[in-house]
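**Student:** Make the full structure from the sequences, and use the hints.
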Amino acid sequence: EAQVTQNPRYLITVTGKKLTVTCSQNMNHEYMSWYRQDPGLGLRQIYYSMNVEVTDKGDVPEGYKVSRKEKRNFPLILESPSPNQTSLYFCASSRAGGNEQFFGPGTRLTVL
Amino acid sequence: ELKVEQNPLFLSMQEGKNYTIYCNYSTTSDRLYWYRQDPGKSLESLFVLLSNGAVKQEGRLMASLDTKARLSTLHITAAVHDLSATYFCAVIKGAGGTSYGKLTFGQGTILTVHP
Chain A
1 EAQVTQNPRY
11 LITVTGKKLT
21 VTCSQNMNHE
31 YMSWYRQDPG
41 LGLRQIYYSM
51 NVEVTDKGDV
61 PEGYKVSRKE
71 KRNFPLILES
81 PSPNQTSLYF
91 CASSRAGGNE
101 QFFGPGTRLT
111 VL
Chain B
1 ELKVEQNPLF
11 LSMQEGKNYT
21 IYCNYSTTSD
31 RLYWYRQDPG
41 KSLESLFVLL
51 SNGAVKQEGR
61 LMASLDTKAR
71 LSTLHITAAV
81 HDLSATYFCA
91 VIKGAGGTSY
101 GKLTFGQGTI
111 LTVHP
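Top line first, the protein sequences correspond to chains A and B.
For what it's worth, the numbering used here labels the leading residue of the first sequence as 1, then goes sequentially.
For what it's worth, the numbering used here labels the leading residue of the second sequence as 1, then goes sequentially.
No lab work stands behind these hints: they were computed from the structure.
Virtual Cβ for every residue (Gly too), placed ideally from N, Cα, C.
Check the hints yourself; a few may be wrong.
[Claimed, not checked] Listed next, the in silico DSSO-like pairs over lysine-lysine satisfying Cα-Cα at most 30 Å (straight line): (1) A:K57 <-> B:K102; (2) A:K71 <-> B:K93; (3) B:K102 <-> A:K65; (4) B:K93 <-> B:K41; (5) A:K71 <-> B:K41; (6) B:K3 <-> B:K68.
[Unchecked claim] Facing chain A, according to a computed beta carbon distance under 8 Å, are these residues of chain B, among others: (7) Y33; (8) V48; (9) G106.
**Tutor:** Shown next, in the form of structure tokens:
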């Protein structure tokens, strides 16, 4: 089944404790992105990648890191999480050329 | 900076009625997307609109794009309860090439359909 998977789905952590949210897609898509969703703000893009080793900042990259070492994986790294990073995070992938994005199930992160 | 604004943000409809959600964006774009999100769920792609005058229909939903006015509409015909969800439009800034990676979403329209 074609899908985007994220792990973990739920995470409660404390300020300053490094964490990684994994994202994987099995559709051989070139593009992958990370978004955060907050009430009243819609989805905001954190980082995106157009292929292996090619990444760029979205609208809200501060406090996040990404890497794209393999085409199928695009992990999101929070080196020192803070409470304002409490949010619902979505990973998405798409074929090159402006096609629709396929979204993962989401990761609900709480930073205490 | 690209801004994408939807209105209304909240829409309460009676079953059987028609209504339109509007999506305005501030800079040139050649791609506009509509997504649906059910409560507690992920986003589902509804439409990809690729050019000026594009119109796409699926069931009771019809989306259109006017790139000159920088406006897209999502029209709901004879609403039913199953259409209750949050609807997002999203826009790529610019046209072609590397711009296709960067997507800006509207705030979302929460649609509730009542019997």
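**Student:** Could you run down the list of hints and mark each one as holding or not?
**Tutor:** Hints, verified against the model:
no., hint, result
1, A:K57 <-> B:K102, "holds (9 Å)"
2, A:K71 <-> B:K93, "holds (24 Å)"
3, B:K102 <-> A:K65, "holds (16 Å)"
4, B:K93 <-> B:K41, "holds (26 Å)"
5, A:K71 <-> B:K41, "holds (25 Å)"
6, B:K3 <-> B:K68, "holds (16 Å)"
7, Y33, "holds (6 Å)"
8, V48, "holds (5 Å)"
9, G106, "holds (6 Å)"
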